[in-house]
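Participant: Please construct the entire structure, taking both the sequences and the accompanying hints into account.
The listed protein sequences correspond, in order, to chains A and B.
Mapping of the first sequence onto my numbering: residues 1 to 265, in sequence order.
Mapping of the second sequence onto my numbering: residues 1 to 242, in sequence order.
Hints are not guaranteed to be accurate.
Within a straight-line C-alpha distance of at most 30 Å, the following computed BS3-like cross-link-like pairs (lysine-lysine) qualify [as the list claims (entries may be wrong)]: (1) B:K112 x B:K67; (2) B:K115 x B:K137; (3) A:K116 x B:K189; (4) B:K115 x A:K51; (5) B:K67 x A:K37; (6) B:K67 x B:K115; (7) A:K237 x A:K59; (8) B:K29 x B:K112; (9) A:K237 x B:K67; (10) B:K147 x A:K51; (11) B:K12 x A:K27; (12) B:K12 x B:K39; (13) B:K112 x A:K51; (14) B:K83 x A:K37; (15) B:K137 x B:K83; (16) B:K137 x A:K59; (17) A:K237 x A:K27; (18) A:K37 x B:K112; (19) A:K59 x B:K112; (20) B:K67 x A:K51; (21) B:K115 x B:K27; (22) A:K51 x B:K27; (23) B:K137 x B:K12.
Calculated directly from the structure, the hints in this document are not laboratory data.
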Amino acid sequence: MNKINSNEAVINEDNTLVKRFFITISKVTTFVFHFFKELFIPPYEVNELIKQSYRVGNKSLLLIGATGFIMGLVLTIQSRPALADFGAQSWLPAMVSISIFREIGPMITALLCAGKVGSSIGSELASMKVTEQLDAMEVSGINPFKYVVVTRIVATTLMLPLLVVFADLISLYGSYVGVNLKDNVSMQLFIVQVFEKLQFSDIFPAFIKSLFFGFVIGVISCYTGYTAESGTEGVGKAANSAVVYSSFMIFLIDMVAVQLTSMFT
Amino acid sequence: MEENIIEIEHLKKSFGSNSILADMNLKVKKGENLVVLGKSGTGKSVLIKCIVRLLEADDGNIRVFNKDVMSLEEDELNEVRRKIGFLFQSAALYDSLTVRENLEFPLRVNKKMSKEDRNKLVEEALNNVGLIEAIDKMPSELSGGMKKRIGLARTLILKPEIMLYDEPTTGLDPITSREISRLILSVQKTYNTSSIIITHDIECAKITANRVIVVSKGEAMAEGTFEEMTKSENKEIRAYFE
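Facilitator: Right under this line is the structure:
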């Protein structure tokens, strides 16, 4: 009898989890529709958008630059022995650049932004919610969703591709340094070798992908912060959820993007 | 006959199965300070949040400036909201903005206002709460009492006709509480506001109230002047004033 009861409890718990999952999905979908509705209706919060774009870009620039450089350097050093076995060291710049532009640059940048920018947006909005700052905006006749949420989602969507380009370029420089640890290759020759093999189809899908990464980081971080429950616990939870779910969604989008790219190329 | 600026009839609000406002009725006359007293969880804060529709009431009527607030569209509602100042329990200053920017924030709806006019309004509002020297400080540099004053200045900048105070003296020492209570009285005289003051603080009620309502179980249990309430024959009501 006890076993039956405990099995029923497990089934009920599963039902509740499934129910909660679908409720959350529907709420996030509504949140996204609300975003697109507010996005196109004036007034436009241009100053706040510029401020948020600066914050998103500026906040991550140093970290992404340093990580990008290390990424390019390490990838080059690690790949060299395998190519050297076939006497194909001259392919090193092309191989590393394709890896960076197609996959590693956008992924690492997006994951770093999910950690740094996502947690910051999640906790900031949650803190504004629990200290009634969002309510204060609403009672003074200002739409907090438009001012706080729309500007942040647009900022992350626009800034992430730019950060990816920055990370790609710094990674290439890291790779150039890596190549020159053993060989003596001029910058001009390195660039020629990189762009010899690099095609538009390597860069364009990655750029589109990074727009989606930025959008997802913005939406999830804003959603977790904007819907945070009262108390300081809610602030921590919002920051944590922003990072976890954004990172998961980045991998999911990447998987879909790889499938779509391989279908069309 | 004095004009009623806020009229609430049979207001009901529940959270799930928990009924907070069961049948709330009250009226606020033009220029008066109405103090709402009651135990925690009796729906005092919920009441004023329903007035500005931060919370949607389940049933009943709310009329502000003779408009049915519950049926207003967003634009009309925002028009009404701009005539209402709301001082939150936590003051709700925007953390990332300086005091000046906090005060300028509600003025952003009026895009045509010149910078000079904005500065003048900000300085006037800060002078009225006696904190002009804090103009370039961040909220994190202010004490609890200062935050409340700045929060009040921010609501006053739009020259509201109604003020809603949510526990304005909570968490403050007795001296600062008295200062805030006197400031509420001064706001009423300077700006000719009508106010609802939610409080547990009897001294605040004594200083500010023209009329007092005691709320219990989501309903207005008794109503009168502060002196009438202190002499009430009902033990439960008298308990608040002892």
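Participant: State for each hint whether it applies.
Facilitator: Each hint, compared with the structure:
{"no.": "1", "hint": "B:K112 x B:K67", "result": "holds, 28 Å"}
{"no.": "2", "hint": "B:K115 x B:K137", "result": "holds, 19 Å"}
{"no.": "3", "hint": "A:K116 x B:K189", "result": "violated, 49 Å"}
{"no.": "4", "hint": "B:K115 x A:K51", "result": "holds, 20 Å"}
{"no.": "5", "hint": "B:K67 x A:K37", "result": "holds, 28 Å"}
{"no.": "6", "hint": "B:K67 x B:K115", "result": "violated, 33 Å"}
{"no.": "7", "hint": "A:K237 x A:K59", "result": "holds, 22 Å"}
{"no.": "8", "hint": "B:K29 x B:K112", "result": "violated, 33 Å"}
{"no.": "9", "hint": "A:K237 x B:K67", "result": "violated, 40 Å"}
{"no.": "10", "hint": "B:K147 x A:K51", "result": "holds, 25 Å"}
{"no.": "11", "hint": "B:K12 x A:K27", "result": "holds, 26 Å"}
{"no.": "12", "hint": "B:K12 x B:K39", "result": "holds, 18 Å"}
{"no.": "13", "hint": "B:K112 x A:K51", "result": "holds, 22 Å"}
{"no.": "14", "hint": "B:K83 x A:K37", "result": "holds, 27 Å"}
{"no.": "15", "hint": "B:K137 x B:K83", "result": "holds, 27 Å"}
{"no.": "16", "hint": "B:K137 x A:K59", "result": "holds, 23 Å"}
{"no.": "17", "hint": "A:K237 x A:K27", "result": "holds, 18 Å"}
{"no.": "18", "hint": "A:K37 x B:K112", "result": "holds, 26 Å"}
{"no.": "19", "hint": "A:K59 x B:K112", "result": "violated, 33 Å"}
{"no.": "20", "hint": "B:K67 x A:K51", "result": "violated, 38 Å"}
{"no.": "21", "hint": "B:K115 x B:K27", "result": "violated, 39 Å"}
{"no.": "22", "hint": "A:K51 x B:K27", "result": "violated, 44 Å"}
{"no.": "23", "hint": "B:K137 x B:K12", "result": "violated, 42 Å"}
When held up to the earlier numbered hints, the structure conflicts with 3, 6, 8, 9, 19, 20, 21, 22 and 23 and fits the remainder.
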